[in-house]
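Protein chains: 2
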Amino acid sequence: MSLSKNQQKLILGLQQKKNRNKHNLFVAEGIKVINELLKSSLEIDAIFTTDDFLPDIPSNKITRVSEQELKKISSLKTPNKVLGLFKIPEEKKPQTKGLIIALDEINDPGNLGTIIRLCDWFGVKQLVCSKNTVDCYNQKVVQSTMGSITRVQINYLDLSEYVKTTTLPVFTADMDGKNVYKSQLPTEAVLVMGNEANGISDEINELVNNKLTIPRFGDLQQTESLNVATATSILLSEFKRSLE
Amino acid sequence: MSLSKNQQKLILGLQQKKNRNKHNLFVAEGIKVINELLKSSLEIDAIFTTDDFLPDIPSNKITRVSEQELKKISSLKTPNKVLGLFKIPEEKKPQTKGLIIALDEINDPGNLGTIIRLCDWFGVKQLVCSKNTVDCYNQKVVQSTMGSITRVQINYLDLSEYVKTTTLPVFTADMDGKNVYKSQLPTEAVLVMGNEANGISDEINELVNNKLTIPRFGDLQQTESLNVATATSILLSEFKRSLE
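Line by line, the protein sequences are chains A and B.
The numbering of the first sequence is the numbering used here, which starts it at 1 and goes up by one.
The numbering of the second sequence is the numbering used here, which starts it at 1 and goes up by one.
Simulated from the structure, these hints should not be mistaken for lab results.
If a hint is listed, it holds; no wrong ones were tucked in.
Identical copies carry no separate label here, and so any pair may be met within one copy or between two of them.
Pairs of lysine-lysine residues, derived as BS3-like cross-links and limited to a Cα-Cα distance of at most 25 Å, are as follows:
hint: 1; residue 1: 140; residue 2: 72
hint: 2; residue 1: 77; residue 2: 140
hint: 3; residue 1: 77; residue 2: 17
hint: 4; residue 1: 211; residue 2: 240
From a predicted model like this one, the values you see are computed outputs, not experimental measurements.
Please put together the full structure from these sequences, using the hints given.
Laid out in structure tokens, this is it:
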């Protein structure tokens with residue numbers, strides 16, 4: 001078996017969200033990432049590989065391809081032996097316990113990927129995304145999560161509706177909030193992180209009173225702001241450090 | 001005045017470190033970044049702009065270019081009105097006080113840029129880099145620091161020599177160290193962060209006894225590791241939080 005024109009067209013098409021939703025499939029690449037996804041409950045649709053690899057996959061799911069064929073369907077600079085198509089799992093009902101991270105229009109796939117990895121590290125099981133947050137099945141996100149995407153439940157929903165109805169206390173990361181180092185933080189909460197350029201949207205801002213700030217230490221106080229992923233890491237660390 | 005072939009060749013050449021060192025120049029782009037650099041003590045070599053902009057720059061430093069010309073010399077997808085050449089400042093003697101971050105072979109320009117921004121935010125005035133760490137005048141680094149690069153002193157040096165001779169206590173970020181949340185951290189120290197794939201080098205590891213770990217909270221304990229920039233943000237926060 002080798003790569004058909006239709007397969008190539010399908011795979012390249014999955015770089016776009018509308019096609020991912022239409023076919024209910026997403027792409028992952030490279031031995032490390034594919035191995036992580038195979039450990040999860042994700043359903044495999046097809047594997048394209050240049051190598052003897054993946055003995056446990058049913059052979060009708062595997063297509064052997066040449067290096068050149070792999071290059072045609074890969075979005076990596078250096079394709080790494082295998083590309084897989086996986087079914088996008090059905091969204092489960094959002095969890096309502098523990099510490100939950102919510103994202104208010106995060107646009108950068110690298111930031112979303114880093115935040116998913118952080119959730120996994122800090123034992124955050126639920127990530128809630130506003131509908132205008134970048135799609136977590138975007139290939140750049142999938143690649144950068146290194147498998148964490150299978151261990152964090154991700155829901156896309158109407159964020160202001162969610163904030164209005166949750167029974168958990170809601171916090172936002174804000175430039176003019178309470179010093180996080182001097183705040184008593186609950187173990188169960190929703191922490192909302194805002195857009196890279198504009199921060200928390202007005203709609204959410206009006207709904208939330210608990211605003212947290214990571215204070216600046218620089219003398220000159222010129223640093224514009226922390227990147228949203230690094231801010232998330234510091235705030236997550238603050239929510240979790242007392243549990244250690 | 002418009003763009004000459006020689007200027008174009010020079011500017012594109014500066015994408016390589018050897019040419020930056022030869023000409024002692026680096027490139028920055030976009031109104032925001034250029035404005036930040038102009039606020040600093042950096043010396044301007046030349047400004048190429050499509051716009052009426054920068055009234056305070058001597059006119060012999062300014063070359064008006066067309067959008068098309070700017071596109072030819074830009075490394076941005078969407079060139080933003082101005083590209084500047086700045087002189088690489090002479091390295092000052094490393095500072096020996098306060099909290100110092102040291103990097104042991106950081107390869108990714110985005111990670112270095114984020115760490116420079118974090119140093120600026122947390123008032124860390126000195127960043128020490130092993131000679132095999134990515135060049136801070138790499139354009140991706142310059143762009144991602146958003147001007148912080150002018151407010152943090154950066155030295156490239158023999159890291160093991162530095163670690164051997166510093167009078168400050170030295171810490172490394174390590175997977176098997178002491179829980180950072182339970183550690184008493186000094187206000188003056190050197191914190192060494194390791195390579196993205198391999199962590200701290202053997203050479204440095206042998207010299208340092210104070211190893212700090214950010215504990216994992218996930219049940220499954222499968223997350224491979226934190227990205228070096230997010231790990232730096234959490235450790236910096238821990239070193240600084242008691243000062244607030």
